[in-house]
Amino acid sequence: GIQVEQSPPDLILQEGANSTLRCNFSDSVNNLQWFHQNPWGQLINLFYIPSGTKQNGRLSATTVATERYSLLYISSSQTTDSGVYFCAVAGSTLGRLYFGRGTQLTVWP
Amino acid sequence: EAQVTQNPRYLITVTGKKLTVTCSQNMNHEYMSWYRQDPGLGLRQIYYSMNVEVTDKGDVPEGYKVSRKEKRNFPLILESPSPNQTSLYFCASSLAGDTQYFGPGTRLTVL
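Chains C and X, in that order, are what the protein sequence lines are.
Our numbering applies: residue 1 is where the first sequence begins, and numbers increase by one.
Our numbering applies: residue 1 is where the second sequence begins, and numbers increase by one.
Among the hints, erroneous ones may be present.
[What the hints assert, rightly or not] Covered stretches of chain X, going by a simulated chain C footprint (3 or more residues, C-beta under 8 Å):
#, stretch
1, 12-20
2, 53-60
3, 93-106
[What the hints assert, rightly or not] Stretches of chain C that chain X covers, calculated by requiring three or more beta carbons in the stretch to come under 8 Å of a beta carbon on chain X:
#, stretch
4, 42-55
5, 96-106
Hints listed in this document are in silico derivations from the structure and should not be mistaken for laboratory results.
All C-beta atoms in this analysis are idealised placements derived from N, C-alpha and C, irrespective of residue type, glycine included.
Sequences are here, hints too, so could you generate the full structure?
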């Protein structure tokens, strides 16, 4: 299967700071998604981004498929950004998803 | 409202007692999946389905069964649950293997 590594595993920020989360993967992918799991356990899709760059408010993501990595940028962090951020990829079989172990983000007021 | 629903949300059972966790989506999605989440391990895919009557194994299929008889439903069956299946389970769906929409999760404890 495809190996997915996320870094850093933990990140602690003060409100207003910016951060970059990284996702490395071991093989070519046709599907890459970023998710946020809030402190109540709910999983929300942030981006579907197998290649290129997307932005949604304070969040943006870039995937460089040829170099096998993706970055999630969070600007002007808020306490509501706290939670775990997961990256997931799929190769030629789109439904077969591989998740990283996540980055635990804590934003202090 | 477009959503993925799971039932039950919480379940405590005993070893060996067969159980089913239901999953339903109202978005006419082709793809559906089951995941388990354990501390420090992230999410691992159990089974996925790309269409009615088409299912395939994920990372950790042992001890689980699934069926996809209708497009909207994808139940997860534990025929003889064991304590190592204590976990948080998520169902998800997507239109065509793209953006995944997750259910609220089912917390299962097997004693």
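Structure-based check of all given hints:
| no. | hint | result |
| --- | --- | --- |
| 1 | 12-20 | violated (count 0) |
| 2 | 53-60 | holds (count 3) |
| 3 | 93-106 | holds (count 10) |
| 4 | 42-55 | holds (count 5) |
| 5 | 96-106 | holds (count 7) |
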